[in-house]
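Student: Chain by chain, the residues run as shown.
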Amino acid sequence: AQRVTQPEKLLSVFKGAPVELKCNYSYSGSPELFWYVQYSRQRLQLLLRHISRESIKGFTADLNKGETSFHLKKPFAQEEDSAMYYCALTETSGSRLTFGEGTQLTVNP
Amino acid sequence: DAGVTQSPTHLIKTRGQQVTLRCSPKSGHDTVSWYQQALGQGPQFIFQYYEEEERQRGNFPDRFSGHQFPNYSSELNVNALLLGDSALYLCASSPLLRGGGRDTQYFGPGTRLTVL
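Sequence lines, in order, name chains X and C. Counting from 1, position 72 in the first sequence corresponds to residue 72 in our numbering; the numbering is continuous, with no gaps. Position in the second sequence (first residue = 1) + 1000 = our numbering.
Each statement offered as a hint is correct.
Partial chain C-side listing against chain X, Cβ under 8 Å, derived:
| hint | residue |
| --- | --- |
| 1 | 1033 |
| 2 | 1041 |
| 3 | 1042 |
| 4 | 1043 |
| 5 | 1045 |
| 6 | 1048 |
| 7 | 1056 |
| 8 | 1058 |
| 9 | 1090 |
| 10 | 1104 |
| 11 | 1105 |
| 12 | 1107 |
| 13 | 1108 |
| 14 | 1109 |
Far from chain C, by Cβ distances over 10 Å, these chain X residues were calculated:
| hint | residue |
| --- | --- |
| 15 | 15 |
| 16 | 58 |
| 17 | 65 |
These are calculated hints, taken from the structure and not from any lab test. Beta carbons are placed, not taken as given, at the ideal position from N, Cα and C, and that holds for glycine.
Based on the sequences and whatever the hints tell you, model everything.
Tutor: Have a look at this one:
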């Protein structure tokens, strides 16, 4: 069965500090991994996907198949990064998404 | 393009009633997926429709049913509502890729259902 675990429900950092949001998954095949973000009063939106290998808004995430992890990182957090972040996986692009429970990131001034 | 739209925004029902939620996909998208998001949890997959048929289903009872219309819009129906059905219901759409398969899902704003 597919499962995504985000161990931290809440994460608080100061502006300019590095931030890492953890995501671990369990899946027997080769999943596609995503990070979605939900800013206050906005809809859930895609932040990045592992196959794109992009850096979006300064965030990066590397898929570690050995540790079955897909942690989201940013070297210098900004106040506008405060949001709810969800890690998700799918077995096939466009297929059902399995989400973690989310991490609420707060960046303090 | 307004993106994925959902109606209504909010809905209040009582136990035992039935409810219909609606979703219009993003322009150019033919696939619609529905998710239930309970308070404090991540979205849970309900089902996915394309070509007017249910293609995948999550672990939800038969009280949850859906439909997709020829214009790709979709409805989610829930019968015999329970208190535990109170949640945010999200619709997501994705496009068919040229080589087959589907691309990333884009989410609507959701419908907040409260069951009293």
